Every structure is written in C-alpha cells, then in structure tokens.
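2 protein chains.
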Amino acid sequence: MWFRSSAGRSAARLFATIYTKSGMVPTLSWTEDGVRFIDQTKLPLEESYVLATTYEQVAKIIVTMVVRGAPAIGVSAAYGIALGALKTKAESAQEFAPEFEKICARLAGTRPTAVNLFWAIDRMKALFAPLAGSGTPLDEIKHRLLAEAHAMYEEDIAACRTMGAFGGALLPKEGGVLTHCNAGALATCGYGTALGVIRAAVEQGKQIHVYADETRPFLQGARLTAWELMADGIATTVICDNMAASLMRAGKIQAVVVGADRIAANGDTANKIGTYNVAILAKEHGIPFYVAAPWSTIDLATPTGDAIPIEERPQVEVTHHAGKQLTPNGVGICNPAFDVTPAKYVTAIITERGVLRAPYTDSLREMELVAG
Amino acid sequence: MWFRSSAGRSAARLFATIYTKSGMVPTLSWTEDGVRFIDQTKLPLEESYVLATTYEQVAKIIVTMVVRGAPAIGVSAAYGIALGALKTKAESAQEFAPEFEKICARLAGTRPTAVNLFWAIDRMKALFAPLAGSGTPLDEIKHRLLAEAHAMYEEDIAACRTMGAFGGALLPKEGGVLTHCNAGALATCGYGTALGVIRAAVEQGKQIHVYADETRPFLQGARLTAWELMADGIATTVICDNMAASLMRAGKIQAVVVGADRIAANGDTANKIGTYNVAILAKEHGIPFYVAAPWSTIDLATPTGDAIPIEERPQVEVTHHAGKQLTPNGVGICNPAFDVTPAKYVTAIITERGVLRAPYTDSLREMELVAG
Numbered sequence: 001m002w003f004r005s006s007a008g009r010s011a012a013r014l015f016a017t018i019y020t021k022s023g024m025v026p027t028l029s030w031t032e033d034g035v036r037f038i039d040q041t042k043l044p045l046e047e048s049y050v051l052a053t054t055y056e057q058v059a060k061i062i063v064t065m066v067v068r069g070a071p072a073i074g075v076s077a078a079y080g081i082a083l084g085a086l087k088t089k090a091e092s093a094q095e096f097a098p099e100f101e102k103i104c105a106r107l108a109g110t111r112p113t114a115v116n117l118f119w120a121i122d123r124m125k126a127l128f129a130p131l132a133g134s135g136t137p138l139d140e141i142k143h144r145l146l147a148e149a150h151a152m153y154e155e156d157i158a159a160c161r162t163m164g165a166f167g168g169a170l171l172p173k174e175g176g177v178l179t180h181c182n183a184g185a186l187a188t189c190g191y192g193t194a195l196g197v198i199r200a201a202v203e204q205g206k207q208i209h210v211y212a213d214e215t216r217p218f219l220q221g222a223r224l225t226a227w228e229l230m231a232d233g234i235a236t237t238v239i240c241d242n243m244a245a246s247l248m249r250a251g252k253i254q255a256v257v258v259g260a261d262r263i264a265a266n267g268d269t270a271n272k273i274g275t276y277n278v279a280i281l282a283k284e285h286g287i288p289f290y291v292a293a294p295w296s297t298i299d300l301a302t303p304t305g306d307a308i309p310i311e312e313r314p315q316v317e318v319t320h321h322a323g324k325q326l327t328p329n330g331v332g333i334c335n336p337a338f339d340v341t342p343a344k345y346v347t348a349i350i351t352e353r354g355v356l357r358a359p360y361t362d363s364l365r366e367m368e369l370v371a372g
Numbered sequence: 001m002w003f004r005s006s007a008g009r010s011a012a013r014l015f016a017t018i019y020t021k022s023g024m025v026p027t028l029s030w031t032e033d034g035v036r037f038i039d040q041t042k043l044p045l046e047e048s049y050v051l052a053t054t055y056e057q058v059a060k061i062i063v064t065m066v067v068r069g070a071p072a073i074g075v076s077a078a079y080g081i082a083l084g085a086l087k088t089k090a091e092s093a094q095e096f097a098p099e100f101e102k103i104c105a106r107l108a109g110t111r112p113t114a115v116n117l118f119w120a121i122d123r124m125k126a127l128f129a130p131l132a133g134s135g136t137p138l139d140e141i142k143h144r145l146l147a148e149a150h151a152m153y154e155e156d157i158a159a160c161r162t163m164g165a166f167g168g169a170l171l172p173k174e175g176g177v178l179t180h181c182n183a184g185a186l187a188t189c190g191y192g193t194a195l196g197v198i199r200a201a202v203e204q205g206k207q208i209h210v211y212a213d214e215t216r217p218f219l220q221g222a223r224l225t226a227w228e229l230m231a232d233g234i235a236t237t238v239i240c241d242n243m244a245a246s247l248m249r250a251g252k253i254q255a256v257v258v259g260a261d262r263i264a265a266n267g268d269t270a271n272k273i274g275t276y277n278v279a280i281l282a283k284e285h286g287i288p289f290y291v292a293a294p295w296s297t298i299d300l301a302t303p304t305g306d307a308i309p310i311e312e313r314p315q316v317e318v319t320h321h322a323g324k325q326l327t328p329n330g331v332g333i334c335n336p337a338f339d340v341t342p343a344k345y346v347t348a349i350i351t352e353r354g355v356l357r358a359p360y361t362d363s364l365r366e367m368e369l370v371a372g
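Residue numbers (my numbering), protein chains in the order written: chain A, 1 to 372; chain B, 1 to 372.
Bear in mind the hints are in silico, worked out from the structure with no lab data behind them.
Small disclaimer: the values here were computed from a predicted structure and weren't measured.
Mixed in with the good hints there might be a few duds.
Same chains, same names: a pair is fine if it fits in one copy or spans any two.
As the list claims (entries may be wrong) - Under the rule of at most 27 Å between Cα atoms (straight-line distance), these lysine-lysine pairs were calculated in the DSSO-like manner:
hint : residue 1 : residue 2
1    : LYS87     : LYS102
2    : LYS324    : LYS60
3    : LYS324    : LYS42
4    : LYS102    : LYS60
5    : LYS344    : LYS173
Here chain A stands alone, though its shape is the one from the complex:
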C-alpha cells in the first residue's frame, strides 16, 4: 500500500497484472503492494506466499531461502532495489544516491556464491549512475529502476525458454534424466534452466523420466523439483543423493542436467553441494553431464572455480529436520551450500546464446565477444 502516495504507483499497477502469469509457477511476482514470493521453505506441503514491502524484507527472504536459485535471487535483488527506490524519502537523485549504495550493499551481502545476484545489482547500478549524474528527476529514476527489474524478469523467462530449445535437443528421445537440486521454475522467474531443458524435451515429444536427487540438506529436489514436475505431469522419481551411482550402473540414467550458480572463465561450475559428486559418477558411467544456465551466471572475471566463494550455511540445516534433531549434541558438522565441478566433467554448457563445448576458456570468451 505504501506506494499509493509515491510516484511509482502507476508503473506498479501496470506491471502487477502483466507479471502474474498463468500457467507458470509464481516464484516471484511484482504486485501493487510489493514483491510476492512463494515460500519455498514450506513447499510441497503448503503453498503459501510472502509479501516483501521493503528491500530489507527482500534481503531476509533471500537469506532464509524463501526464494533461492541463482536466476531467481538475481531478479529478486533487482526488485529489492526498485522497492528501496520507490520507498525512499529522499527528494532528489543526489540525496538518494548514498541510500541507493546502502540498499545495493545490503542485497549483495545476502548470499556469496551465485553471481547472478551481483550481476543484477551491477546492472541496476549501471542504470542508476548515469541517470543520477545527469540530473534525471528521482521519480523518473524510480520508474526506470522498476522497469529494469521487470525487464530482467522477462529476459530470464525468455532465456530459460531458449536454453530449453537448445538443451532439449541434446536429451535422448527416450530415457532417464537425473537432476540435482532444483534448477526449475522455482529457481528462476519461470520455466527453469535444467528443468527448462527437460520441459522443452518433453514438449519436443521426448519420453523423459526424471530422477530427482532429494538434495540434502535443504531437500530442494525432494520438495521443489518433485512438486513442480508433478504439476506439469512429467514422470518423476525422487531418490536419495546416494542412490545415483547404482541407478547409473543399472542403466536407468541416460543424461544428467543441472543448473549453476556461477561458471568461471574456464568452465568450472559452482552449483548446489553434491553436483560435483554427480559429475564424477556420470563420467565413470559414460553419461553426458550438462550444465544449463543463463549468460548472467557466467563470470568471466573469475578465472577458475578455485576463486569462487563457497557459502557455508547454518549447521542446523544438517542437524535438524522440521525441528527434530538428527545428530548427537556437539558433533562436528559441515554445511557448504555449493561445490565446484571442474570443467573437465562438463559435457556441454547450455545457455540462451547457444551450447558451448570444451575448451570452455575459448568457447566462453568467443561467445562473449560475438553476443556481448
């Protein structure tokens, strides 16, 4: 309700209807009252929504993983910045500038690994700086920031669709496809990266049976991937992470497709913890291992995976489930949220610009020059 008295009102109203699409999982959407998120910590048993009316609330929603998935948190941060702008009490761009920096810093501090977050914030900064510098009225800047967030939202869905078309063609006509974590509609603004590839393959008429790693400790596979694939009527079996090798040996898996949180210049790929395990198992069984990610996940400024910061999450995610303690008091716990899969395990990287093959140092740089 806050922006009824702000200049952002009409823009907000306009997009509120456009961006609540039917037939897509409502991962996040702009509404008259702020940014609405499906609460991914509650799925699949409860479909509930959280409304962020301040940038600080968006930040907390990212930290607590109410929204997660590299592309989704990038766009969430962009909306968070737009919210911050729309709610400012500043009366000029000059007055707003330090607050803008503070908003950006707060959102950048939420999670360290997914580069899409920083990419989105940098894009908002790149829009803001020249506008503020050229004396553009603050009301217009607010409008432009919100429009930029909306553009990223739309681009994200379009990128997923394009990735799907490219990647769907790589999957077998019939067979089992293993995925890890949730790189689906819930990790993006819609359609998904890895699950977009699977959706596209199914739309292309392929007979795909998805094996979804449950993905401890947060269970994104068991909870989220299963939920959204079942909603689409795609055959899905949930397995514990440690069952993948025996399924591969039994000939049940013909391809692996995963998402990514950051891809270094040499193709090393940070993704949800356990992805590296799956990549090794795929290699050992001669199964192709595909990474699907929008170009915003590619970080040419990071030379190799060794330079990617890996977030350590709270121990309670491992030690407890639904309030019930699993481990003895005082035992040591590891909880890295991500791991790095060296480029040599990656059969191809599927992006909206095309499918890239090794050597990735060359193919990524060339694609950046051509399309960038």
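For this one, chain A is given, so just place chain B on it according to the hints.
Showing chain B alone in chain A's frame:
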C-alpha cells in the same frame, strides 16, 4: 522370566552377567529374560532398550531395524533360534524339529541382503541336525543352541578386534577417514568392523578425524556412527552424503573404510546404499577404499555382485522424517537399502583372517582353503 522353569536357566544366568560388558556399546545382550537390544531407531536422542522374549519378537526387531548391521543381525538371529528352542512346548528333539525349521525360516525371511543372517542360521542348523538325529535330549540341545549363539557373539567381538589390528595398520598416521553408514559397535556385538579399524588406528596412536556420511535415508551415520564415536572421544564430523567429493578434492580425506553386508566370490561388495558412490569418488581422487568385514560376510557361493539380492525398503523411509512428510504426494520413490561396489574399486578387504588384495577371486579362495 519364561526360562525360570526351563533347562536353559542356569546357562542363561551365567551368560547374563558375562555378556553385558562394560565399556562396550550394548548393541545386543543375552539376559535372564531374553535378548535385550538398544533401540537403534531412537538413537542418538534416546537411549532405550527393547527386550525380545520370543523368536518372533527378534524377527520383528530385525525387520524394523531396531537392530541392524550384518554381523549384529546374524548373532541376533542365532539368539532368536535359541530363544525359540528354550520356549518350545515340544518334549523331544523329534517333536521340536518342524518347529525349529519354522523358526529358522521366519528369521531367514527378515532381511535378504546381509549373508551373515543366513550364515548364522545355517550354523545353528548344522549344530541342531546331528544332535537331533543322534537322539540327544532336547534340554541338552537347548543348552547347546544357546551356547552356540554365545560363541558367535564372542567370536564376532574377537573378529572385530583382529580386523581392527590388521586394518588400523593400513590407515595413515594422521588424516581424515571417511566412513559410510554405521559399521561400528552398533552393527556388531561390539567394537565394529569399519569403526573397529578406526578405533584400532586411534589405539595405535594415529591421529584420525572421522568424516561420517549421514547416510540417507535411515541416517545411520548421522545418528549411530556419530553417537558411538563421540562416546569414544574420536573426532567426528557429520557430512551429508553429497559433500564427500568436495571434501576429497579439498584434501580432507586420506582413506575410506566401510563395512559390508555380503562379499561375492569375486570381491564385489554389497553394502549400504551409497557405498558404490563413495567408492567411485575415492577412485577418482586416488584415495584408498577399504572394506572391513568378518569372514561370515564372505559368500563364496555367490559368484558376483549381480547375484546378490538387494532389499527394497518401505518408501516412507525416504518420504518422511519423524512423521513429517518431505515429498509431494504420489511422486515416485526409490529406496534400495544396498548397492554393489564392483571389486575393481576395492583397495583391500580387511577380515579377521588377514588383509586380502585383488584379484579377489584368487585371494578369497586361497584364504578359505588355508583357514577354512
């Protein structure tokens, strides 16, 4: 109380004190009133005990995994048979023989993969048949069956100690050792197989840090391995199963030691689901992968791992935790309790008869001829 009026009473009394050892985890123990089991489904938060006073109760305790671990369920079945004999209303061996067969069949039907179960039952049968055939009084047969179960119990602990001595020498002077599931005191009558190797290494003065795979879905690592190693003051960190590869890549793991449920004549090893994953990861990182198991786990009648029956456990173990549902209704679920690690991934098999190396078809057969 039931055997106060039976011939087994004095033997039972005698062993009741002997077999409740101090300083050992009370996995199972013979008491005046029957077989007492620590309830492994309740650990680590609750240390409670279940008393089986009939063979049927022993069978249910095995099925529901109140007791688990290949060596432990073998000895449990032997005690179950002894219980059945002590409680029979038959008045002669001839009258008891069909009931004895029924008891053995019930216990053999509890779980299919661990060969120790069938080994123990066969050993009880091999004792019973000539005694019954030679007209031995039933009271003496009861006594002998109980004594045989006690002997297996003692032999199991002794085998673990000897395995420990052999295997402890293989571990590095200092470093991280990964184990999967629980092949500890709780999986045996005491000391453990894989954890016996670790305990022995620590007793040999080695500086070992244990990384315990939590081992979904039953969480034997997070719950049981962590509990018993902490009780012994051995440094332990619990990890999710999908974190092993990144720890290996980071140089934190110098060796892997696991137990086994059945080892085929060619060295293929059935063990808790996820063991095969770990074996591949170890190979990929050049880390030795050791299997520790008593000779009763070796099944020379099974030529390769392909012939080992793999138990499929109830889906609810994957879909729920502590009564809380994790997955959406109706999604497909896999829950194989075991997988098979092909012999080529096994660096050595540690038994109480010695350490065996590839080619296992030869080394296992030779060891059987020498020691058998």
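A quick look at each hint next to the structure:
1. Within a single copy, LYS87 and LYS102 get their C-alpha atoms as close as 14 Å, which meets the 27 Å cut-off; across copies the closest is 78 Å, which misses it.
2. Taking identical chains as interchangeable, the C-alpha atoms of LYS324 and LYS60 lie at most 27 Å apart whether they share a chain (24 Å) or sit on different chains (26 Å).
3. In this assembly of identical chains, LYS324 and LYS42 lie within 27 Å of each other by CA distance both inside one copy and across copies; the values are 16 Å within and 12 Å between.
4. For the identical chains of this complex, LYS102 and LYS60 are intra-copy neighbours only, at 15 Å inside a copy versus 62 Å across copies, given an alpha-carbon limit of 27 Å.
5. Taking CA atoms no more than 27 Å apart as the test, LYS344 paired with LYS173 passes inside one copy only; the shortest distance there is 26 Å, against 33 Å between copies.
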